[in-house]
Structures are given as structure tokens and as C-alpha cells.
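Each chain, letter by letter, is given below.
There are 2 protein chains.
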Amino acid sequence: MKKEMFGHEISVLRDTYRRLLHRKAKTNLVKLIDKTHPADLAIIYRFFTDNDQNYLFNLMSNNEYSAEFLSELDDSILEDLLEDIPPERIVQIIRIASSDDQTTILNALPEDKSQTIIDSLHADEQVEIEEMLAYPEDSAGSMMSTDVFTLNEELTVGEAIKDLQNQENAEMVFYLYVTDDDNHLTGVISLRALVTTSPTTKLKNIMISNVQYVRAETDQEEVAKIVSHYNLLAVPVVDSNDEILGIVTVDDVVDVIREEATEDFLQMAGAGKDREILLKSTWGNARARLPWLFATWIGGIVTMSIIGYFDNMLQSLILLAAFIPIVAGMGGNVATQSSSIVVRGLATGRIDIGKDLQLILKELSVGLILGALYGLLLGTLIFIFFKDVPIIFGVVVGLSICASMVIAASIGTTVPLLLRKLDIDPAIASGPFVTTTTDIVGISAYFLIASALLPM
Amino acid sequence: MKKEMFGHEISVLRDTYRRLLHRKAKTNLVKLIDKTHPADLAIIYRFFTDNDQNYLFNLMSNNEYSAEFLSELDDSILEDLLEDIPPERIVQIIRIASSDDQTTILNALPEDKSQTIIDSLHADEQVEIEEMLAYPEDSAGSMMSTDVFTLNEELTVGEAIKDLQNQENAEMVFYLYVTDDDNHLTGVISLRALVTTSPTTKLKNIMISNVQYVRAETDQEEVAKIVSHYNLLAVPVVDSNDEILGIVTVDDVVDVIREEATEDFLQMAGAGKDREILLKSTWGNARARLPWLFATWIGGIVTMSIIGYFDNMLQSLILLAAFIPIVAGMGGNVATQSSSIVVRGLATGRIDIGKDLQLILKELSVGLILGALYGLLLGTLIFIFFKDVPIIFGVVVGLSICASMVIAASIGTTVPLLLRKLDIDPAIASGPFVTTTTDIVGISAYFLIASALLPM
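The listed protein sequences correspond, in order, to chains A and B. Take 63 as the starting number for the first sequence in my numbering and just add one per residue. Take 63 as the starting number for the second sequence in my numbering and just add one per residue.
The set of hints was computed from the structure by calculation and includes no laboratory data. One or more hints might be untrue.
Heads up, the list lumps identical chains together, so a pair's fine if it works in one copy or across two of them.
Claimed, not checked - Result set (PhoX-like, lysine-lysine): computed pairs, CA atoms no more than 25 Å apart in a straight line:
#1 LYS264 x LYS417
#2 LYS342 x LYS424
#3 LYS342 x LYS417
#4 LYS97 x LYS86
#5 LYS175 x LYS483
#6 LYS88 x LYS266
#7 LYS483 x LYS417
#8 LYS417 x LYS335
#9 LYS449 x LYS424
#10 LYS175 x LYS97
#11 LYS266 x LYS224
#12 LYS449 x LYS93
#13 LYS417 x LYS93
#14 LYS483 x LYS424
#15 LYS97 x LYS264
#16 LYS264 x LYS224
#17 LYS264 x LYS342
#18 LYS266 x LYS424
#19 LYS93 x LYS266
#20 LYS424 x LYS175
#21 LYS342 x LYS266
#22 LYS424 x LYS335
#23 LYS224 x LYS342
#24 LYS449 x LYS97
#25 LYS417 x LYS224
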């Protein structure tokens, strides 16, 4: 039961809120909100009605708390909630929010309301926000925080510490980025190195000059790879001039990793890519899943035509029909294995770029080993138990299972690699398409082998 | 092509190493290692032969570098490499490694070699390492770093900074944990708060006293949830006495999140849970995937028997066989959707604990909507194009698709929820078992509906 600990605490908190909401116990709720971590409250919001959500939000008086809370909400809840908040309140929150939270909130608003809010900010605030909003979604630029603290490399450690103590905004200082006179990023110093070095040392003498950085347009997956690979707490975002635009912090990277994994997971299952599918209505849920089933449906009709084409053969040996599911099922299973291994390998960088053919051949061999084994097993079984069919029938089914599995491994490996080459997310199309294609090709192989080998 | 940037740099680096290795250019290699981040070298190791791996390792003279490098290696490569390193060298590295890296290295050694190494350490080092090794695998205890820095709450900020400057080991200080006279954890202060507060303030007046912590036996998934949920950089591990044992840092949490996602991903595909399956030989790969295919194979034999049982009906209407794949395929696809949504929802905490029945009913409704739609579509198609079969045949197939999809959604939702209740990882068994069960039940429903409605 260890695993439920965290979930358990959340449900206790949720029930407390429910009781107080039921009694409209305003004073107690205000106190409780004060003691609740904004991230916890964001989770609990999933289980409240729209009315309760609005009521609670109006009890939050601290704009800093509200900003953090909003940034932790699920997108769909955030959109709903913002609809009912007057623009003046949103302006107050935006003013105080960190730059990445500003982007999150503004992106969740309808175009016109978001514009109204931007218009009521000061000119310099407007410019900054519009710059942030201009970066492509899911890029380093859109997730960075611009409250970054830089120091000139000619400063001494003592001067740097004094400078730091006067900074109010740069709340997440783990690393201090060092620049030259032209504002170019030249190095990085950890806060700890700073406090443990003699005050007269110049920054340029203790900084690490080989800094990992990303560009504003770098994809968030790439940012996540760099931060997690080099065990960083933050990575600076620089422009083409090597000037720092902002930093992406590890907590946002953790969210990206989780989200990308969830999206890949759902996409492989042909269930869309909406991470919040569980929050959707029954209709919304069905609508999201509907299109992906169409591939299977069309595939089913194709398979039907193929089997229909061989109906004379079926007529003379009805037992052939009984083995259709095992031929298709074994192929489908191997295809899912191969495509999942490849899709995940591509996502985690475990696949050696440029070695595609080698990988396909390897998977094909794996398919052959597994296919030969399970084919032999089934063929033998048929040979022993089915006395009234031609002896060759066991060979037909065994060979077909083997063929279906080899084909499946090849398709399962090739499709995601190919999609990647075409710059399409391999997770999107691999799931249902791979199994459907495998079904069609596997069943065709089965009937072709049967018509070649069976005496009819 | 943006996504390939990181991979591209790695392959350039790999090729440089290959060239130098080919020429056995020792001096250049030593220089290159010096400039390569240990995490990068660990990735490149995947593409080297055993000989080259050993040769390169012997060129690393810096034990701190070697320790970090070893901790970044894939488990299977680490095991191979350690086999060829003399125990004396490992002892030197262990001495200098952080406590979590010590655990990683010792766990990758065969029992006897690991014992030899522990025996040659000092008595106090031995006790510490043996304590670490005693924690269950995948627990907070086994992944924590014990080099943690604590301060008494009665100290002033000025005293604390002086103390900090004398610390050499606690290399990753983001948070300073504060304790009372009995060594109980009472609060936390960020390094930044420390440098920006007046030196005479007492720590207990500026510390945050509501500290998130975990126990040594807390599962790593739970640790990851807490760190990512509260956007922490580290979480303290405390014993039942509230004394600090160590800290788990966010970089290790990032690894856990990636690894758990990969494991769930592979398990759902019935491909085992070995993250390093791509590094295995063809045989090893086949062996890992073999057992999971057995479920499908057995399922296929059961389905065969069911279809065999209805062979009289098939004989009189051979067209029935042609629709077996679409009935099974649509069911399988919906089952995969449902089980993936539920497994991922459980992993990311998006499922409301205690609302199982509600979730099952919702998924069942989704299955009904999708099933009714695709069933109607196929039934109509059959009605239009198949003039020489009984009119009722379209109804039979349409109803069967619908039934198969409703059953599939229910099985796909119930199985992972049930496994979770039984404290079994829902990802392990959901994949192949769910689709196989769906195949069996869906095809049975098809033939039962056919035998009830068709005039024969």
C-alpha cells in the first residue's frame, strides 16, 4: 500500500475541502487554502464542480499564490476557470506571475480576452509578453523564465554576492550565468561555488566556461534530453548573438518528460494524444478515440475481402477459419513489441542513428526465432491432435505463424523508423496502423501458403 | 531536423573516438576524454566493442570522473566493464564516489567481488555502505545521497554561511536542512534565502517549517511523484525518528521518471520490462519477448477451439469467417485504448481513487458509443453490398462488433484497476492479457449472436 500514500493524503485533503464547501465555511476555507500547497489544490480541483471551483478561486486573495495555482492546473480546467474570472483580476495575477506562467495563463484564454489583458499592461510589460507568446508552442522560448540573473565576468566574488542580495525577482537562482562586456554568455558558476570562494577572486577565474545552452526555438523534448542527460538544474536559452534570453528550469523539464511519455503512451494505443482524456466527458472521450479506430475498421474490411476471396478454399477445409485469430494475434503481438521498442528507443535516444538497416535485420531475426518456435509448437500440436486433416495442414499453420511474425517484426520496426525520417512523430501512427497492416499481410500470407501447399 | 541536434553531436563525438581508437592514439584520447562529459562518454560506450571499452577506461586517470562515468553507464555495459577492472581500482573509485553512485557500482558487481571490495574499505566506510545496500532496490534509501548538510536552528545566518564554506563533501547544496538539538528535521532554507538575509538572523526565524520528506523505504515512483508535484530540487529522507538520513536529488528523479515510463511502455506491449532490450543480442532479445507471446498463443488456441465448435454454422455460412478479424480487431483496439488510458492514469495519479465503478461505467459507455457507431457502419455496408446473404446477417455482424467493443472497454478498464488493487504493477499484465481475453470473449459473442439470430 506504500504507493498510495501520496494519493491518500490528497483524498483526505479533498474530503476536507468538500465538507467545508458543503457548509460554505468561508473563513475555514480561506485558512485551509493558506495551508494548502498550490500544486495540491490544483489536483483537488479535478474533483470539484464548476461552481465550487469558482467559489474557491474567489477566496484566494494572494495573487502570487493564485498565479502558481493557475500554472499547476490541468489545461482544460484552467480554460474553464479563466472564463469566469474578470479580466482585472487576471491582469493583477499576470503582473506578478513568472514569465513562463504568464505564457501558460494567456495561452489558455480566448484570443480576444488575452489581447484585452495584454493591452491593459504597461508598454514594457507588453513587449516582453508578446515576445514570449511569439515563440513556437513546445519550444524552449515558450517555457523559459526570463527572470534570469547574469553577472559580468570582471566582477569579484564579493561584488557578485552583493549584487545577488539586491535581486528580488530572480527567485530560482541555482546557477549564476556570467557574461562578457558585450553581454555574451561566457560561463556559469554555482551559487555554492560563489559562497565558498574568497571574495576577491574574479568570476572569470572560477567560472565553468563550457556552458550547455539551448536556443529559443529548440523543441522542449530536446531541452528535456539535455537537462536530464547532463543532470542540470537549469539550462540557459540564448539567441543567435549568444545573449541570454532566459532559463528553463528542471521542474518544467520534469513536467515535459512526464507529458511526452503520456502522449507517446496514448498515441501508441491509438487513443489520441490528449493527456487529459480522463477529464473529458464520455462523448469527448469517444470523439477523441473515434478516428484511430477507423484504421482498424478499414483494415478489417480489407481482411474480410481477402478471406472472402479464398472462400472456396475455406469451404473445402473449414478448419482454416479456426486458425485465423492465432495467425493474426501472434503477428499483432510481435508487431506491437517491435514498434514499442523502436518508438521508445527513439524517444530516449537509445537507437543508433544511421544504423536503421541493422536494426531492422536484427528485429527480423528476432521475429524469425520467435516465429519458428511458436510455429513449430502449433504445427506439432495440430499434427498430434488433428488426425482427420491432411498432414500438411500442420505445416501450413506453423509456416503461416512464422511468416506472420517475421513480417510483423519487420513492419513494426520499419514504420516508426520511416516516420521519424519523414519528421513525423513515430508514436502517432505506429500503434493501430502497424497492427492493422500486420493483420492484412499476415492473413494474406496464411491463405497464400495454404493455397500453395494444401491439396485442393 | 531540430530534434536530431543532440543525437547528431553525440554521433560526431563517437566518430572522433572511433578514429582515435582505430589509431590507438593514446595521448589524443586522454585529451579527448578530459573534454568529454562523462554522461556523453557513457552514451558513446553503447557503440564500442568490449576491447575498446576496456582500453578507454584504462586511460581515465581521474577517479572522480570515472565514478561519475560509471554511474551514467547502462546497467548491462556497467556489469561487463566492471568484470575486467581490478578490485583495487574499483576500491579507489568507490572511496571517492557519492553514496548513490557507490550503490550503483556495488550492485552491478557479482556478490563475491563486491564483498571483497567492501572488506578492503575502512570500518566506518563499510558500515555506511552496508546500510545503503540494505535498503530495498528502487527505494528512496537506495537512491539517496548521504552527503547531506544540516544546520542547527539556533545558528545565525552568518554562522551558517561560515559552516557552509567549510563543507567539502556536500557538493549539491540547494537546500539547507535545519534540525533541532535532538537532530530532528525542523525546517528548510534555500541557499539563496541564506545569502540574502541579514547575518544576525537566526535560522529558525527564516526557515520554512513545513518540509516535504520521504522515508528510506518509500518507493522511487512515490519519491518521483512528490519531487515533481512540488517542483522540488531535492527531498530529504528521514528515519522513524525524524532524523535525516540523506537526500534524493531531482536529477535522479528525472532518471526514475524516464525509466518507469519506458518500463510501463514496454510492459504494455508485452515486451518485458528491460529498458536495455535494444542493447541485447538477438537471442537475448527473443528470450525476453518469448514468455509474453505465450499468452497470445494460448489465447489463439482457445479461440481456435471456439471457432471449431461452431464449424457447422461456418459450413452453412462461410462468410461468417471473413468477419472474424474485424470483430476481434475492433475489440482489441478499444481494449488497448482503455487499458493504456487507465494504466497511464494510475501512473500519473490522474485516476480518482475509490471511483473505480464510475470509471468502468464511463469506459463502458464510451465502448457502447464507439461500438454502436462502427457496428452500424459495418452493418449498413453489409446490407448494401451483400445481397445473397440473409438480411439479418448485417445485424449479426453489427451487433457483434458493438458487443465486442463494449466487452473490450470493460475488460481493458477493469483488468488494470484490479491488478492495482492486488498490488500488482498494472502495466505488467495489461497488454497481451487484455487483448487476448478480448479476442476470446469477442469471438464467442460473435458466434453466439450468430447462432441466436441466423436462420439455420
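How the hints compare with the structure:
1. LYS264 x LYS417: Neither way: LYS264 and LYS417 sit 48 Å apart in one copy and 60 Å across, limit 25 Å.
2. LYS342 x LYS424: Classified as between; 10 Å across copies, 41 Å inside a copy.
3. LYS342 x LYS417: Answer is between: at 15 Å across copies they meet the 25 Å cutoff, but 41 Å inside does not.
4. LYS97 x LYS86: within (18 Å within a copy, 63 Å between copies)
5. LYS175 x LYS483: neither (40 Å within a copy, 45 Å between copies)
6. LYS88 x LYS266: neither (55 Å within a copy, 32 Å between copies)
7. LYS483 x LYS417: For LYS483 and LYS417, only the intra-copy Cα distance (13 Å) is at most 25 Å; the inter-copy one is 43 Å.
8. LYS417 x LYS335: between (29 Å within a copy, 24 Å between copies)
9. LYS449 x LYS424: Answer is neither: 38 Å inside a copy and 48 Å across each miss the 25 Å cutoff.
10. LYS175 x LYS97: Classified as neither: same-chain Cα gap 32 Å, cross-chain 51 Å, threshold 25 Å.
11. LYS266 x LYS224: For LYS266 and LYS224, both the intra-copy (17 Å) and inter-copy (23 Å) Cα distances are at most 25 Å.
12. LYS449 x LYS93: Answer is neither; intra-copy 79 Å and inter-copy 72 Å both fail.
13. LYS417 x LYS93: neither (60 Å within a copy, 28 Å between copies)
14. LYS483 x LYS424: within (19 Å within a copy, 39 Å between copies)
15. LYS97 x LYS264: between (44 Å within a copy, 24 Å between copies)
16. LYS264 x LYS224: both (14 Å within a copy, 20 Å between copies)
17. LYS264 x LYS342: neither (56 Å within a copy, 50 Å between copies)
18. LYS266 x LYS424: neither (51 Å within a copy, 61 Å between copies)
19. LYS93 x LYS266: between (49 Å within a copy, 23 Å between copies)
20. LYS424 x LYS175: neither (55 Å within a copy, 34 Å between copies)
21. LYS342 x LYS266: Answer is neither; intra-copy 54 Å and inter-copy 46 Å both fail.
22. LYS424 x LYS335: Answer is between; shortest inter-copy Cα gap is 19 Å, intra-copy 30 Å.
23. LYS224 x LYS342: Neither: 51 Å inside a chain and 55 Å across chains, both beyond 25 Å.
24. LYS449 x LYS97: neither (75 Å within a copy, 71 Å between copies)
25. LYS417 x LYS224: For LYS417 and LYS224, neither the intra-copy (53 Å) nor the inter-copy (54 Å) Cα distance is at most 25 Å.
Going through the hint list in order, the structure does not satisfy hints 1, 5, 6, 9, 10, 12, 13, 17, 18, 20, 21, 23, 24 and 25.
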